[in-house]
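K.L.:
Here the protein sequences come in this chain order: A and B. Using the UniProt record's numbering, read the first sequence as starting at 1 and increasing by one per residue. Using the UniProt record's numbering, read the second sequence as starting at 1 and increasing by one per residue.
Honestly, the hints are just simulated from the structure, not real lab data. C-beta: ideal position from N, C-alpha, C; glycine also. Hints are not guaranteed to be accurate.
From the structure, some residues in chain B lie toward chain A, with a derived Cβ separation under 10 Å [as the list claims (entries may be wrong)]:
no.: 1; residue: 171
no.: 2; residue: 238
no.: 3; residue: 483
no.: 4; residue: 484
no.: 5; residue: 521
no.: 6; residue: 716
DMTMM-like mimics (lysine to aspartate or glutamate), calculated; alpha carbons at most 25 Å apart, straight line [as the list claims (entries may be wrong)]:
no.: 7; chain 1: B; residue 1: 697; chain 2: A; residue 2: 661
no.: 8; chain 1: A; residue 1: 610; chain 2: B; residue 2: 706
no.: 9; chain 1: A; residue 1: 276; chain 2: B; residue 2: 273
no.: 10; chain 1: A; residue 1: 697; chain 2: B; residue 2: 706
no.: 11; chain 1: B; residue 1: 697; chain 2: A; residue 2: 625
no.: 12; chain 1: A; residue 1: 93; chain 2: A; residue 2: 354
no.: 13; chain 1: A; residue 1: 683; chain 2: B; residue 2: 664
no.: 14; chain 1: B; residue 1: 719; chain 2: A; residue 2: 158
no.: 15; chain 1: A; residue 1: 731; chain 2: B; residue 2: 668
no.: 16; chain 1: B; residue 1: 93; chain 2: B; residue 2: 178
no.: 17; chain 1: A; residue 1: 276; chain 2: B; residue 2: 287
no.: 18; chain 1: A; residue 1: 731; chain 2: B; residue 2: 667
no.: 19; chain 1: A; residue 1: 697; chain 2: B; residue 2: 668
no.: 20; chain 1: B; residue 1: 719; chain 2: A; residue 2: 178
Each chain is listed here by its residues.
2 protein chains.
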Amino acid sequence: MAFVGTFTGVTARAESRRGLLSTARPAVSSSASSFVAPSALKRASVAKHAGGMTMVEAADTVVPAPLLKQTGDDFKDMCINSIRFISIDGVEKANSGHPGMPMGMAPAAYTLFQNYMTFNPKNPNYVNRDRFVLSAGHGSMLIYSLLYLYGYDSVNMDDLKNFRQLGSRTPGHPENFETAGVEVTTGPLGQGVCNAVGIAMSEAHIAATYNKPGFDLVDNYTYAIMGDGCVMEGISGEACSLAGHLGLGKLIVLYDDNNISIDGNTDISFTEDVGKRYEAYGWQVIDVPNGNVDTDAIAKAIEDGKACTDKPTLIKVTTMIGFGSPNKSDSHDSHGAALGKDEVTATREYLGWEYPEFEVPQKALDHFRSKIDEGAEAEKAWNAKFAEYKSKFPELGAQFESCVLKGELPSGWEAELKAYGEGAKANATRKLSEASLQVLAKTIPNWVGGSADLAPSNLTIMEGYGDFQKATPEGRNLRFGVREHGMGAICNGIVLSGYNLLPYCATFFIFTDYMRASMRLAALSQVGVVYTMTHDSVALGEDGPTHQPIEHLASYRAMPNINMYRPADPVEVAAAYAVGVESRKTPTIIALTRQGTKKLENGSYEGAKKGAYVLSDNSSGGAADLCLIATGSEVDLIVDAAEELRKSGKTVRVVSMPCWERFELQDESYKQSVLPDAIPLIKRLSVEAMSSFGWAKYAGNQVSIDTFGASGPGPAVMKLFNMTVENVVAKASAL
Amino acid sequence: MAFVGTFTGVTARAESRRGLLSTARPAVSSSASSFVAPSALKRASVAKHAGGMTMVEAADTVVPAPLLKQTGDDFKDMCINSIRFISIDGVEKANSGHPGMPMGMAPAAYTLFQNYMTFNPKNPNYVNRDRFVLSAGHGSMLIYSLLYLYGYDSVNMDDLKNFRQLGSRTPGHPENFETAGVEVTTGPLGQGVCNAVGIAMSEAHIAATYNKPGFDLVDNYTYAIMGDGCVMEGISGEACSLAGHLGLGKLIVLYDDNNISIDGNTDISFTEDVGKRYEAYGWQVIDVPNGNVDTDAIAKAIEDGKACTDKPTLIKVTTMIGFGSPNKSDSHDSHGAALGKDEVTATREYLGWEYPEFEVPQKALDHFRSKIDEGAEAEKAWNAKFAEYKSKFPELGAQFESCVLKGELPSGWEAELKAYGEGAKANATRKLSEASLQVLAKTIPNWVGGSADLAPSNLTIMEGYGDFQKATPEGRNLRFGVREHGMGAICNGIVLSGYNLLPYCATFFIFTDYMRASMRLAALSQVGVVYTMTHDSVALGEDGPTHQPIEHLASYRAMPNINMYRPADPVEVAAAYAVGVESRKTPTIIALTRQGTKKLENGSYEGAKKGAYVLSDNSSGGAADLCLIATGSEVDLIVDAAEELRKSGKTVRVVSMPCWERFELQDESYKQSVLPDAIPLIKRLSVEAMSSFGWAKYAGNQVSIDTFGASGPGPAVMKLFNMTVENVVAKASAL
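Next comes chain A alone, as it looks inside the complex:
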């Protein structure tokens, strides 16, 4: 059995892996050795009594105490320990959180922020700032510590003391919508580094589109810190493979290789060669064997990362989780819980930290805060450059200002989209989507997107707008490969890049299952991605039940803050895209048919934008005998069924309901105008080639499919599941 016990001593293997002894520079060794001895003795003693599986043999064997080695530069240590102890104290006060990662990565984070990152604490949205993503979001106190120390207004001392408390700006995991300076919402592992790929893609695209000789309007770097968990998640492999393919030279990821995850030592499940894997992806890989102390090596690695312009860089920073904690470092014990009062005291003693909780030495704080002026200067210089750019390139400058800086939509985009929908002939809604995408491509310059290797099926190519490839990042068609989850997270990054790009992405509707975690994060972090999801029901036919959505509409209707559209015809498809474009803080899924549909006689653009509307009603007082409600391709069924039913003398209301969420946003009188109480639930029939789940709210009766689908030609499958006019008429007649 692999060694999984709490680390209370120093195994030769762990020691060697971390390179704590072998790689320390002479200056560090001598500096550190001056205050090693007493605690080293103490530490060995602790090890002896703690019952660890492998330990230093005896208290009287004086072992060099690697935990005590700091950088050898007293002031640098003070700054790094400022980050460590704010993180420690924040977690301690909350009695909840993850101190270990910030303790281990404080030297790397300090080196990065202090010496390499350009940012303006007083304007977190400065457009050419370097971006930082904490992919290992559980280490949130690291970013909160940095934001506080560098003088962001979003995190003050009270926020630090209210870590993980209701209403604070320092929630358990970083949330972009709560805390300025937090670029993306992280926590679910692997997502952040993929967001970073999306941000770096955005930078490359905007730079290629707007930069001119002598005018590097946009030239920032995207940095991320990820941990073992991020690396293990498949999503990160997807996006990082694509990042390598695209040669994103301005993406630099620090991998906190601390050998510890929640189950204990990663030896029990994760022994692959990560560096080699990233080389296989086409990345530059740089090892920093002793990230606990060797800030020079960290600095050199970042510089080498910046120097490599045609590949992303992975810096493998080998650290000890919980560095500085004599009894909990290098152990899962320091990962996800407060260290505890005694251990905090012991850690203060170990690191020679004489300051009370939450106190930062003024000298260090002044040093951190010097970045405020530096950042303001950087932005000022950029503003001057942009003014000159505008005068030299007035048209492009105006576009940059409007589209990139302000995120404005060009006038006329919606009129053109609506006109297209109203003028278009019937077709499969995926074909109508394809045409809508051409309109948007033409009218909105920052509209970009693509498919996870289903472009010829999803019909998502914007003709004439080029592919985003390594040599052509100005291309607006994104080629994600068969990487749905990575695609979802990349699109979140594109939205949150700060360049106001509007991305759409696509796969078969069923394969939203592969990217659901990213879609939920879009909804949670208020990110207006548009999801073009074709092949939206069993009517897709032959591919069979592995490819036929059943529960998918319901599963997204249940999710907060996401528009689930299923349009029926050209007008409704155009309306769905319009909502998607306008909804900058709400993602929009558009489910589209493989098969042909009719054009509705009374299809309404405005009605579809409102989520539901009346297509026809042959009653006089608004209290029809029956109400038929459907979405997408099944609207054709209820239109035809109503005609049949009316022949037998019934009054029937026909409602198209492409988006429940939008309907729920309307006022009560509108809702009553569509689904009046005068037609009780038992007189309403919903028709959808999908699970009935959730429909009970709007209709007491359903024509639906509550089992998995079947392989066969589409029309035969629809008939098999009774998705026919005859069946709708029969069911409705029986009400």
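Let chain A serve as the given structure and place chain B on it in line with the hints.
P.N.:
Chain B only, in chain A's frame:
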């Protein structure tokens, strides 16, 4: 822009990549050259007129025609082409499907099945058979062709002719529940190879548990074919990294490296070094540069794979998609659509195939069918070995027979589980789950499982049953690492391994989003995995909205064939696990609290197994004034609220409803006994700290959470969202 056009000629690069010219062995070249010339001329001519982006210059330049090189062994070519043309004809008749992969991989599949795999066509369930997984499930005609040719009863000529038709045993993608001989359901990319990892883990575990010196009861290999799509999907990276860690020497995966995906040439999105990546995972990687013709190299690679006992093997078989089709090979055109009548004719001509559609030369068929006797002999020999084993090791032999062969559950397991539940004290339901797992570990020897690196939080370790590691595959605790999606697919493979193992797996409930595609495949392919999902509501507290499920219960309640349990106390937790264990064809999710819960006074094991039951009712005639319904931790709320409401003179029915799906399976009279029509919807209130979505079916009013959660201590968050007795009383009083 990368070259993505239809392949109508031979680019030097593609040629070099495939090694068609450079690696053909002399024997092959000379043999093939005897019938190259005329068609080569013709082919060049075709290229000239097809308008491809890069093409052979002119018809009068005689170019060696690589498409025509076959293996050089006429009989072998006949057998391989039998596979090719059944696949071509099946897709053609259906006018739907994927001919390209079977055409390219026929040589590899033939070599594998004919020369290396042990199987018994007349008993597809022969326990020690080698397993084969077609991870690239879209190439389903390949496996159907093989099953037909080797004489499986499950696929006859009519089935081949009814490919992708309703009710056939040859659906669009392979489905284990439709077609004997198909081990797992594939199609959604990446899943199959992960299933194969699970199968190989099962083999290793069963072998370590039961094999004795001289008695290798179980020693089969697991083979898989995956394509570029499978390799790109993150899920495959997760499972293959774990497979490398575990050193699964009996897992051999053939990677169909054909450079084509749906968007065109993989150059546009997928240029990583796959072999190097798999080496980084700890795999042996073997290149077969010319998989189109070089069956000797394929054979050698398989042998080398078998010889390497401590690592899984990836055989990178470079092929040309649609091999043999003069105008559609090496192009996405042969990937996902019928070749078309003319091209089928051209392909017949190219490959010298003189037989009409669906006809297999008798000589070839006899050859394939010889495996019937061979397989029967193998099973007979195994039966004899097992008889001897039983006599030497009667206890273990009996256990193997009962647990592994018959899949019986040992007597007494449920009585012990129920007794535990009824005797246990209140606790967080995740703690009660932990205790239930110990009971199951003790009573069911084939109960195995673990967590995606959250064992200390999910509380899923079976104490005393060891870790499954490379050196200890007999261990029953699985350490998945932070790989939820891989975990889900591996568990599907474990169930479908044919060894009747019963797996559970675990993560936080929210992270089912990462593994949803695998869970859906469990439901679809009738696989009884148990999902132990802790931290099931906003009450988990500080981790905040990224970790707090809202829509998750609804999203699984909407999915067909999956039990969504949310038990409230020890009795219900035990009942949920009992249903999970019994439901061999339906997966079961058990959502569990982080926080403490009370023990219900009238908690009913049988009631919980039925999905819903009455906890209390102070009315006389069964028509209480109000009915309160809840699940999990909120049952405590309605119990207390009912007490308050009754004080004010109301009659109140209190219903615990841990599993909707099980409730719906009960007969009408039972359902009425729990939720009688006498209490109308408007008098019913559901209480669940989760989305209200779907509840309208059972209750007209909800106390629910229809937004994302918040970070703060659990009780504070519950209060913030009005999950209090006071609020339930107020809401109920207003009805």
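K.L.:
None of the hints should be skipped; say for each whether it holds.
P.N.:
Okay, the hints, checked on the actual structure:
1. 171: holds, 4 Å
2. 238: For residue 238/B, the interface hint holds, since the closest Cβ of chain A sits about 4 Å away, which is under 10 Å.
3. 483: Hint on residue 483/B: holds, closest Cβ of chain A at ~6 Å, below 10 Å.
4. 484: Because about 8 Å separates residue 484/B from the closest Cβ in chain A, which is inside the 10 Å limit, the hint holds.
5. 521: At 7 Å from the nearest chain A Cβ, residue 521/B passes the 10 Å test, so the hint holds.
6. 716: holds, 5 Å
7. 697/B with 661/A: holds, 19 Å
8. 610/A with 706/B: holds, 20 Å
9. 276/A with 273/B: holds, 10 Å
10. 697/A with 706/B: holds, 15 Å
11. 697/B with 625/A: holds, 22 Å
12. 93/A with 354/A: holds, 18 Å
13. 683/A with 664/B: Judged against 25 Å, a Cα distance of about 23 Å means the pair holds.
14. 719/B with 158/A: Between residue 719/B and residue 158/A the Cα gap is close to 23 Å, so the pair holds against 25 Å.
15. 731/A with 668/B: holds, 21 Å
16. 93/B with 178/B: holds, 20 Å
17. 276/A with 287/B: holds, 18 Å
18. 731/A with 667/B: holds, 23 Å
19. 697/A with 668/B: holds, 22 Å
20. 719/B with 178/A: holds, 21 Å
In this structure, every one of the numbered hints holds.
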